[in-house]
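A.B. asks: Read off the chains here:
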Amino acid sequence: MGAKRKLSGSPKINKVSFLARVKASLSQHVHQLSSSFFELWKTPFATLMTILVLGIALSLPTVFHVVYKNVERVSGQWDSASEVSLFLKKDISEERVQVLINKLGLYKDIETVTYISRHQALEEFKEMSGFSKALNYLDENPLPAVLVVVPVKGAMNTAGSKLLVAKLEREQDIDLVRVDIDWIEKLQAIFYLVVDVVIGIATLLLLSVLLIVSNTIRLNILNQRAEIEVLKLVGATNSFIQLPYLYIGAWYGFLGGVIAWLFSFVLVIWLESGVMNLTGLYQANFELISLSFDGTIILLVTSALLGLIASFISVKQYLVTIEPK
Amino acid sequence: MILFEEVSKIYGDNQIALNKVDFHLKQGEMAFLTGHSGSGKSTLLKLVSLMERPTTGRIVLNGNDISHIKGDDIPYLRRHIGMIFQDHRLLMNRTVLDNVGLPLLIEGYSSFEIRRRSLAALDKVGLTGKEHSFPINLSGGEQQRVGIARAIINQPPLLLADEPTGNLDPKLSLEILSLFESLNQFGMSVLIATHDLGLIAKMRYRTLTLREGDMINDGLLRERNE
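Taken in sequence, the protein lines are chains A and B.
Under my numbering, the residues of the first sequence are numbered 301 to 625, in order.
Under my numbering, the residues of the second sequence are numbered 201 to 426, in order.
Hints were generated in silico from the structure; no laboratory data involved.
Among these hints, one or two may not hold up.
As the list claims (entries may be wrong) - Here are the simulated DSS-like pairs of lysine-lysine, each with C-alpha atoms no more than 25 Å apart in a straight line:
(1) Lys323(A) <-> Lys389(A)
(2) Lys246(B) <-> Lys625(A)
(3) Lys625(A) <-> Lys270(B)
Said to hold, decoys possible - Every beta carbon over 12 Å from chain B, so not counted as near; a handful from chain A, in silico:
(4) Ser325
(5) Val367
(6) Lys390
Ideal Cβ positions, reconstructed from N, Cα and C, are used throughout, including at glycine.
Construct the entire structure; sequences and hints are all you get.
C.D. replies: As C-alpha cells, then:
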C-alpha cells in the first residue's frame with residue numbers, strides 16, 4: 301500500500317464557504333421555482349384538473365368580491381341621492397321662511413337649501429298630476445311650502461341623515477321632516493346579511509383550497525417515498541427535500557388564482573351588456589367594474605400563499621415521517 | 201473511524217439483532233463484514249449510517265459519539281459517509297450525472313463544480329460517456345458503479361457497502377472490489393457487508409463475522425474454514 305492521503309475527520313466540517321452557500325442557495329431556489337413548475341406538467345391532465353378545481357373554488361369568493369364592489373357602488377349612488385324635504389307650517393310668513401333658509405344655510409351638514417313656495421308646489425302638482433281643473437275648484441291651496449335640503453357628502457349616509465333629521469325636527473317652523481332612508485336601511489341590512497353569508501361561504505371555499513392542495517402534495521410525497529429515502533440517505537435535510545413540494549403547492553395556488561381571475565373577468569364581460577341595458581331603462585349611467593389591479597395582485601398572492609401553507613402543512617405532517625429503511 | 205462498544209440492538213418483539221458487539225475500524229482500514237442472512241450485518245450498517253439507534257452500548261464515528269445524536273444532525277453526519285447498496289438506490293427519473301452529483305447539490309456546491317466533480321467521479325468508476333443516460337438503461341454493474349460514484353463524490357472518510365456485489369457476476373464483483381481497494385489506497389475507510397465468502401478469501405482483508413447477532417470472528421478469514 302502506498303502513502304495514504306488524509307481525509308477530513310469531523311463530520312461537521314463545512315467544505316463550502318458561507319458566500320458560496322448563499323449563492324448556491326439562491327440559485328437552488330430559482331432552479332426549484334422553475335423545475336417545480338415543469339414538474340407539474342409531467343402529469344398534465346391531473347394537474348389541469350387540480351388547478352381547475354382550485355380555480356373554481358377560488359373564483360367564487362373572487363366573483364363575490366367583484367359583485368360586492370359593484371353593489372357597493374350602486375348603493376353608494378342611492379345613498380348619495382338622498383334629499384331631506386322640510387314641509388313648513390301653513391301659516392308661516394315669507395319673512396320667517398327667509399330667516400329659516402338663512403339659518404339652515406349656517407348648518408355645517410347642509411350643502412344646499414331650495415325653497416318651493418306653496419304656489420310653486422301647487423303649480424308643480426297640477427302639472428304632474430293632471431288634476432289642474434279639479435284643483436281650481438279648491439278654496440284654498442292645500443299644499444305647504446317646502447324646503448328641499450341636500451346634505452353635505454359626509455352627512456349623506458344613514459347615520460348622518462338621521463342626525464340631521466333630528467336637528468331639523470327641533471325647528472319650530474317646520475311641520476314635517478321627510479327623508480326617504482328607510483328603504484336604503486332595509487336594503488343595506490339585506491346587503492350586509494348577504495355579505496356575511498358570502499364571507500362564510502368564501503371561508504369554506506378557501507378552506508377547501510387548503511385541503512385540495514394539501515392532499516395533492518400528500519399524494520406526491522407518498523408517490524415519491526423511495527426518492528425521498530434516497531435523498532435522506534445521501535445527507536439531505538428536511539428543508540432541502542421539502543423545497544420542491546412547497547414550490548409545487550405555491551404554483552397550484554397561483555395557477556388556481558389565475559383561473560379564478562379569468563372566471564371573474566369573463567363574468568363581468570358577460571354581464572356587462574345586460575347591466576347596461578337595465579341601467580339604460582332607468583336612465584342611469586352605471587358601468588360594471590372587474591377586479592382592480594390591486595385586487596388581482598392580492599388574489600394571486602393570497603392564492604399562492606394558500607397553496608404554500610397547504611403544502612407546508614402536508615410536508616410537515618408526512619415528510620418527517622419518511623426515514624430510509 | 202468506527203468504534204462499537206458493547207453495542208446491542210433489540211427490536212420491539214424482543215428480537216436480538218446485535219448482542220454486545222465490540223469492534224474498532226481504524227481510519228484508512230478496509231474490512232469485510234460477513235455472516236448468514238439474519239446474522240445482523242445490515243443492522244450493524246444501519247447503526248453506523250444512523251438508520252437505526254442502538255438499544256444499548258456506544259457507537260463512536262470519527263471521534264463523535266453518535267449513539268444519542270440529535271435527529272437534526274443526522275443529515276450532516278451522513279454527508280461524511282458514502283453508502284452503497286445492493287439495490288443501488290438510484291433515482292430512475294434523473295440522469296446518471298444528476299444522480300452522482302446529488303450529494304454535492306445537497307451540500308450547496310455550484311452547478312459548474314457539481315458537473316466537474318461528477319464527471320471526474322464517473323471517470324474514476326469507468327463510466328465516462330454515460331453521464332446523460334438514465335439508470336434504467338444501464339446494466340446492473342453500471343448501476344452499481346453509478347452508486348459508487350455517488351458515494352465517493354464528496355470524498356467521505358468512510359465508505360459503507362451493503363452487498364455491493366450481490367447481483368453481479370464474479371468478474372464484475374472483483375472489478376468492483378478492486379475499485380474499493382483503490383479508494384482505500386487514498387485513505388478512505390471501507391466496510392463491506394457481504395456473504396460471498398469466496399470473494400472475501402480472495403481479497404484477504406480483515407473480516408468481522410456475525411452469527412445471530414454475536415461477533416464470532418474478527419480477523420483474516422481462512423478459506424479452509426469454509
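A.B. asks: Indicate, hint by hint, whether the structure satisfies it.
C.D. replies: Tested hints:
no., hint, result
1, Lys323(A) <-> Lys389(A), "violated, 84 Å"
2, Lys246(B) <-> Lys625(A), "holds, 8 Å"
3, Lys625(A) <-> Lys270(B), "holds, 18 Å"
4, Ser325, "violated, 6 Å"
5, Val367, "holds, 46 Å"
6, Lys390, "holds, 90 Å"
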